[in-house]
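Residue numbers (our numbering), protein chains in the order written: chain A, 198 to 570; chain B, 198 to 570.
Please keep in mind that the hints were generated in silico from the structure rather than gathered at the bench.
If you're wondering where the values come from, they're calculated on a predicted model, not measured in any experiment.
A couple of the hints might just be wrong.
All copies of an identical chain are treated as equivalent in the list; a pair is satisfied when it fits inside any one copy or across any two copies.
Taking lysine to any residue and the SDA-like style, the derived pairs with C-alpha atoms no more than 25 Å apart in a straight line are [what the hints assert, rightly or not]:
1. 564 / 516
2. 568 / 514
3. 465 / 301
4. 569 / 513
5. 264 / 379
6. 568 / 512
7. 545 / 512
8. 564 / 506
9. 375 / 450
10. 564 / 503
11. 349 / 404
12. 545 / 278
13. 349 / 409
14. 545 / 513
15. 545 / 514
16. 390 / 248
17. 252 / 378
Number of protein chains: 2
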Amino acid sequence: MKAKGKMTVKKEKPSGTAGAFSDTYFVIMAGGRGERFWPLSTDLVPKPFVSLTGKKTLIEMTVDRAKRIVPIGRIFVVLGREHLPAAKKCLPELPLKNFIIEPVGRDTAPCIGLAATMIHLRDPGAVMVVLPSDHFVPDGKRFAGLVRQAVKAARGGEHLVTIGIPPQRPETGYGYIKTGNKALSLSGGDCYKVRRFVEKPDLAKARHYVKEGSYYWNAGIFVWQTRVFLEGLRSHMPRLYEGLEELRGALLRGEGRKADAIFAGFEKVSIDYGLMEKAKNVLMMPAGFRWDDVGTWTSLSRVLDTDDAGNVLRGRTVALDADNCVIISDSVPVAALGVSGLIIVASKDGILVCDASKAQEVRQIAKIINKKS
Amino acid sequence: MKAKGKMTVKKEKPSGTAGAFSDTYFVIMAGGRGERFWPLSTDLVPKPFVSLTGKKTLIEMTVDRAKRIVPIGRIFVVLGREHLPAAKKCLPELPLKNFIIEPVGRDTAPCIGLAATMIHLRDPGAVMVVLPSDHFVPDGKRFAGLVRQAVKAARGGEHLVTIGIPPQRPETGYGYIKTGNKALSLSGGDCYKVRRFVEKPDLAKARHYVKEGSYYWNAGIFVWQTRVFLEGLRSHMPRLYEGLEELRGALLRGEGRKADAIFAGFEKVSIDYGLMEKAKNVLMMPAGFRWDDVGTWTSLSRVLDTDDAGNVLRGRTVALDADNCVIISDSVPVAALGVSGLIIVASKDGILVCDASKAQEVRQIAKIINKKS
């Protein structure tokens, strides 16, 4: 599924073993909507494509991290067609054929399945690294170090490897990974057996998980051989597996329209629910790097510098007698006077003024505004 | 002082007594800066020229009220040259010669003195009604009714007449007028002797004034014969009087530049301090009309409709779980979520987010922003 219309694929020579990571491919998932970061992100320019944390967009920074391990030609971005203009603008150096267009959104299992199928066609010995496009990982070097170890672990040809984040607070918005005994000891980090994937907990459970020590945040970072992954689908998601086999055939015959139709017929299922929670061969490596999913406006206070009063200020802003605010302008000057704990964001599309405690509800606002305009 | 450059004047035939108010002239004072209503008002487009309360600007509504009594040709607007473009835009029907340009701001005594001198030259029997340009008086009919009575009182040729506002709250931001006995009883309202003009009180005094019953707010509305007013200046502000005499000579000789220089030499003095507090021949009529000086953003909650949660909403706005806010957009959509008691104003010049209790300090913000840009 290249950017130019119908799904097609060209079989390439397997990369073989030239170079330490010549078998490695990155798949960066850039689905999703723009609602939580309205008015900076919008339906057409969702979170990965917006400069939230600095000059670069989150997806640019994600590609930069991948480039520490592989050349740009082995980095793929999966996204909806409507986001292609924004993505091309952020990633001018990414070859057009490396944008994998989902004809429709079908959650992560079909999305990763599609990418795995395409990469497996190109290189049956491929190791695939799946990354979300919109997370904040400032230390690219440490990140790359750990991913290299994960690739090595995946090369064993037995395991689905995931990278878990040591929980920093009792977060109820994430899934958790409960680990068991150490399975492998690598030079750059240990691999633990995964006992189970845990869905978003309530606060009491989340508190327990943080204290207990064997729970990690599930950050959606996966490393595996495409072969091992596809076998996992065959065992646990047989209908998706068969559909992908059919889709593979269509791609090989150059039947892009048919491939699109097959994909559109897939059930919406997340990879966590469909595969990871069921598979027995999952290993987890604890992330030794700083990570933040930058999930809402308030998270910017965690990842960006603040002034003495705890304000995050970006763009043309004036804060007078204001504290613990996130104030961002991509537009005209914003002045905050005598306010506390507010999110104030101005763009050419709109202006948000929101109590920090309500940052999760910004989606609603975006929906109302989109309906009105 | 016509709009076109230097001060000049053309002597006109006195209006005589044709028509009930053919001796009456309105002088609308439109000095002042735009800081308290940033970002809607600016240095170049101050408060009178901004649509704060509805579709019309405050100065348009002021002229509309005056037109209930006199034709447009007898309505004058005194303003600084920098505000002429904004004023002409608001008042396209006002003859250009009816804009009286202050060469420099010298507070209200020289300003009213200048207008009185020019009107007196044109019509020595003139009654002059002085109005601020930026107050909110929704009931034009009642306003006009009372002003007509005030003009009749002023025609007696003895008194400086002012209209006082029955105090609605213990306001510390206004001057007060302490009244004495009834002096005149007119069909449309009584005239009281003025005991004294009181400067802005502290809260305890303001509370006392409200309860006491004989105190009124000084709203800067004055009605008098130009002759009586100029005699008042001769007694209490002799230097200004002499300067105005000199200025009158310059105007008669067509020496606009000289007239400007004389005006620039005047001391900055308010009419309250310079004349009203000293004169013994002041009468006051209580206003029977609704009045608000729309002094800060918070005052809009008093003069505009609010929703069930007490929000004033104007322009493209969305308020979700928000109460007691003033939310105005002349620009992109503004969304307020989970906030209370805020002033949120967006224009093409900037965005203000301010706790209602700090509305008085918006000036500071405007100064900082103006310095930065």
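Tell me the hint numbers this structure goes against, listed in increasing order. 5, 9, 11, 13, 16, 17
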